[in-house]
Amino acid sequence: MSAIGAGNAEAAQNELAASDAESEQKLETLQGINRRTSIRKQMAEALGAQDVAYAASGVDLSFGTAKAARTDAYREADLALTNDTGTEMTRVSRLVERAANYRAMAKAARTGGIINALSGAADNLLSFGRRY
Numbered sequence: 006m007s008a009i010g011a012g013n014a015e016a017a018q019n020e021l022a023a024s025d026a027e028s029e030q031k032l033e034t035l036q037g038i039n040r041r042t043s044i045r046k047q048m049a050e051a052l053g054a055q056d057v058a059y060a061a062s063g064v065d066l067s068f069g070t071a072k073a074a075r076t077d078a079y080r081e082a083d084l085a086l087t088n089d090t091g092t093e094m095t096r097v098s099r100l101v102e103r104a105a106n107y108r109a110m111a112k113a114a115r116t117g118g119i120i121n122a123l124s125g126a127a128d129n130l131l132s133f134g135r136r137y
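According to our numbering, the sequence shown is numbered sequentially starting from 6.
Incorrect hints may have been included.
[Unchecked claim] Using C-beta positions, here's what the derived DEER-type ranges look like:
hint	residue 1	residue 2	range
1	Asn121	Thr95	36 to 44 Å
2	Arg80	Gly117	48 to 56 Å
3	Asn88	Ser7	46 to 54 Å
4	Val64	Glu27	51 to 59 Å
5	Gly53	Gln18	51 to 59 Å
6	Ala17	Ala127	21 to 29 Å
Don't read these hints as lab results, they were simulated from the structure. Ideal Cβ positions, reconstructed from N, Cα and C, are used throughout, including at glycine.
Using the sequences and the hints, build the whole thing.
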């Protein structure tokens with residue numbers, strides 16, 4: 006019966022690790038939202054600073070260099086947002102896979118504990134049979 010207990014203990018440890026990986030998924034999602042909010046805020050601040058600088062120098066903001074600079078800023082921010090979203094999705098999928106692996110390991114540990122207990126019982130029965 007100690008084999009079953011050992012299998013259950015190992016399974017419980019793996020279940021806790023799986024729960025931890027699932028919690029990290031939620032945390033990664035929140036961190037991704039925070040990073041993207043920060044990127045958007047930085048873009049807005051940069052655009053505001055550019056607009057003020059161009060307007061102060063008397064440049065029309067609706068065409069030419071000012072418009073090109075604005076377009077470039079949007080493009081860079083979009084690229085940063087896309088990269089961050091891809092990174093977040095990769096991290097979350099790895100955490101999902103890790104949780105699934107831990108759950109599979111927990112199941113295998115329980116099954117292994119039962120098999121070890123059964124084989125131990127069979128060995129004991131054979132041992133008793135040989136004695137008598």
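_Numbered hints the structure breaks, given as an ascending list_ = none
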